[in-house]
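Engineer: Use these hints to put chain B onto chain A, whose structure you have.
First to last, the sequence lines map onto chains A and B. For the first sequence, the working numbering assigns the number 1 to the initial residue and increments by one for each residue that follows. For the second sequence, the working numbering assigns the number 309 to the initial residue and increments by one for each residue that follows.
There could be a bad hint or two in this list.
As the list claims (entries may be wrong) - If we take Cβ atoms under 7 Å as the criterion, some of the chain B residues that face chain A in the derived model are:
| # | residue |
| --- | --- |
| 1 | His502 |
| 2 | Ile503 |
| 3 | Gly509 |
| 4 | Lys599 |
| 5 | Ile619 |
| 6 | Asn621 |
| 7 | Glu625 |
| 8 | Phe626 |
| 9 | Asp627 |
| 10 | Tyr631 |
Stated by the list, open to error - Every beta carbon over 12 Å from chain B, so not counted as near; a handful from chain A, in silico:
| # | residue |
| --- | --- |
| 11 | Lys102 |
| 12 | Glu136 |
| 13 | Lys197 |
| 14 | Met251 |
| 15 | Val289 |
FYI, nobody ran anything at the bench for these hints, they're computed from the structure. Every residue gets a Cβ at the ideal spot worked out from N, C-alpha and C, and that includes glycine.
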Amino acid sequence: MSELSVPHLLGIKYINEADIQLIFETADHFKEVINRPIKKVPSLRDITIANLFFENSTRTRLSFELAEKRLSADVVNFSAAQSSVKKGETLIDTVNNILSMKVDMVVMRHPNPGAGVFLSKNVKASIVNAGDGAHEHPTQALLDSYSIREKLGDVAGKNVVIVGDILHSRVALSNIYALQLQGANVKVCGPKTLIPKYITSLGVEVETNLQKAIEWCDVANMLRIQNERLDISYFPSTREYVQQYGLTKAMLDRLDKKIVVMHPGPINRGVEITSDVADSEQAIILDQVENGVAIRMAVIYLLASKIK
Amino acid sequence: MKTLLKSATIIDSSGTYNNQTKDILIVDGIITKIEDTITEEGATVVELPNLHVSNGWFDSSVSFGEPGYEECETLENGTYTAAKSGFTSILLNPKTKPVTDNKSAISYVISKTQDTGVNVHPIGALTMKSESVDLAELYDMASGGAVAFGDFKTPLENPNLLKIALLYAQNFDALIMSFPNEKLIAGKGVMNEHIASTRLGLKGIPALAESLHVARDLYILEYTGGKLHIPTISTTASVELIKAAKEKGLDVTCSVAIHNLFFTDDALEEFDTRFKVMPPLRTQSDVDTLKAAVAEGIIDYVTTDHTPIDIENKKLEFDLAEYGTIGLESAFGALNKLFGAQKAVELLTKGKDRFNVDNSHIKVSEKAQLTLFNPIKEYTFSKEHILSSSKNSAFLNSKLLGEVYGIYNNSKLIIE
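Excised from the complex, chain A in its bound form (with noise of 0.2 Å):
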């Protein structure tokens, strides 16, 4: 197989395991690329991609942006407050302005769950979703998997463990399915306030006692709280979060393995993982990143020669 199953990347659960392992091998060649003195291939010098930004982000957008100029495709960059969006404007009509003026694919973050999907039955163009709300982050989900592999050689059979606020988490559930497809264990640890009641309907389990959690894992993947989406309070105070929810290098220390630390980032710092976690050799962090830009490359040159 060499092409995606699928026209746009929407969510990991629409792709299959074929097109994780396609994405990757391409993925591979990318991170070659851009390791080299010039970082660029002309591969996309006739696509044209909008990243369309409804909600704030900076490592994702510059991820992708940084991308797509290593295809050599043209970028324009939108965010909501600059938009008419703020003007009343529906998101069918505001993406349709843009693709009038021939644009081939859209990569779009937006606050509601479901948006790339509503958007993908309503525009013709190829759409990658950035993050929609609580829903998906597949391109996240691909760049930490990849990350995994890279570490340890194969994602199967590993035991990973998701740490954090699942409820507000679109990584959480687009990291479940891909770790998933690719035959690792996953549970998720957390307060059970912001951990989903249904969760183990998709096949995970449920750990509360942090500890616990990184006995049993291989990588842990630490997550934030998403403030900005807590309308009500889920734990009295963030120093008893991080009293039971906090990963700390003696916590690490304790066990009698290396395990693999993970963050989709951004990081609080003495929150969800103390500085000296973040800062330790155990933490891939910055790998993740690097990868972003690989993953990222892989997805947008698969999804455009799908497009030509």
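Structural biologist: For chain B alone, kept in the frame of chain A given last:
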């Protein structure tokens, strides 16, 4: 004016002609003859394929929009849609702007619909502007023709207000409606909290939000006495609570929306906002319980909960779209498919007494209040079947059974 219905199979389980095929002669709105064969000079003859007739159908929860939301539906086209869908009597929700919370607003609805062939009975808002703060003038609205009082989908947050309403309404034997949804538990939820919501990352509304509210209302009813109707329940727990309350002897009735019997929350897999309804579509287990409760009579009535929403407020990102589906046009096709024609008709003719709505029977000398239909036609429900101004139907692309020709009511034959 004479109308002759030829070879009409009568579906009326409580009458003498059930399942018999007869000719029916109607003169000036009154049934004058029911015989095997009638010939009558000068009569408008109605001969339709596999014609069946029943008592006119009734729906306890319909919204149109006029005044205020005419872009969703007008009274004129809404009542025509109801007539063509087989409904001779409907209760109209106060989903208007301004809210139907006073006698003149009630009078407006009644006078604007009195020549339509459909008996439109307004529900008055229970509280001023449906804001859940102060009671509206219930007695005044009742004397103007309001048949029940409720704030449509706005839950009564203040339990004391329900207590007062139930006590006050007893002065004039009025029926209070309380839509169950505990807002603080529902939070920012937009669909049922279960497996589907977990998969979709959409905020869930726990079944608890409904049952907690139902339990509260039933406790209050036990204290106050009076008559309570709980519209559109959707969960197993609510069914159990209402069953227990009825066994205690409380004067409570409830309804379920047809779409809550027909679809589960799995329908939301593609984030299709046509399925964004309130109460939300629940699980298969809930649907099974609801259907059994309808069959057993624990759930008293089924309703279309017909809610037209213009495309500007429906074709949006899921979180932003409004709640509701239209349902009049698909009501019989869906119920007939779920329960068969005899039971479907029984369900569609139930509830008139509870809401003090004019009722009559298929016999000589009675007022002709009839629905004309063909229960055996199978079809895929599509846009061409929609008569409403708004096209937000959850039933689009569903296979339904049975088509409706229209009604005869108030001396009007509406089949075209």
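Engineer: If a hint holds in the structure, say so; if it does not, say that too.
Structural biologist: Going down the list of hints, with the structure as the test:
{"no.": "1", "hint": "His502", "result": "holds (6 Å)"}
{"no.": "2", "hint": "Ile503", "result": "holds (4 Å)"}
{"no.": "3", "hint": "Gly509", "result": "holds (3 Å)"}
{"no.": "4", "hint": "Lys599", "result": "violated (23 Å)"}
{"no.": "5", "hint": "Ile619", "result": "violated (10 Å)"}
{"no.": "6", "hint": "Asn621", "result": "violated (11 Å)"}
{"no.": "7", "hint": "Glu625", "result": "holds (4 Å)"}
{"no.": "8", "hint": "Phe626", "result": "holds (5 Å)"}
{"no.": "9", "hint": "Asp627", "result": "holds (4 Å)"}
{"no.": "10", "hint": "Tyr631", "result": "violated (15 Å)"}
{"no.": "11", "hint": "Lys102", "result": "holds (25 Å)"}
{"no.": "12", "hint": "Glu136", "result": "violated (7 Å)"}
{"no.": "13", "hint": "Lys197", "result": "violated (6 Å)"}
{"no.": "14", "hint": "Met251", "result": "holds (29 Å)"}
{"no.": "15", "hint": "Val289", "result": "holds (24 Å)"}
Of the numbered hints stated above, those contradicted by the structure are hints 4, 5, 6, 10, 12, 13, listed in ascending order.
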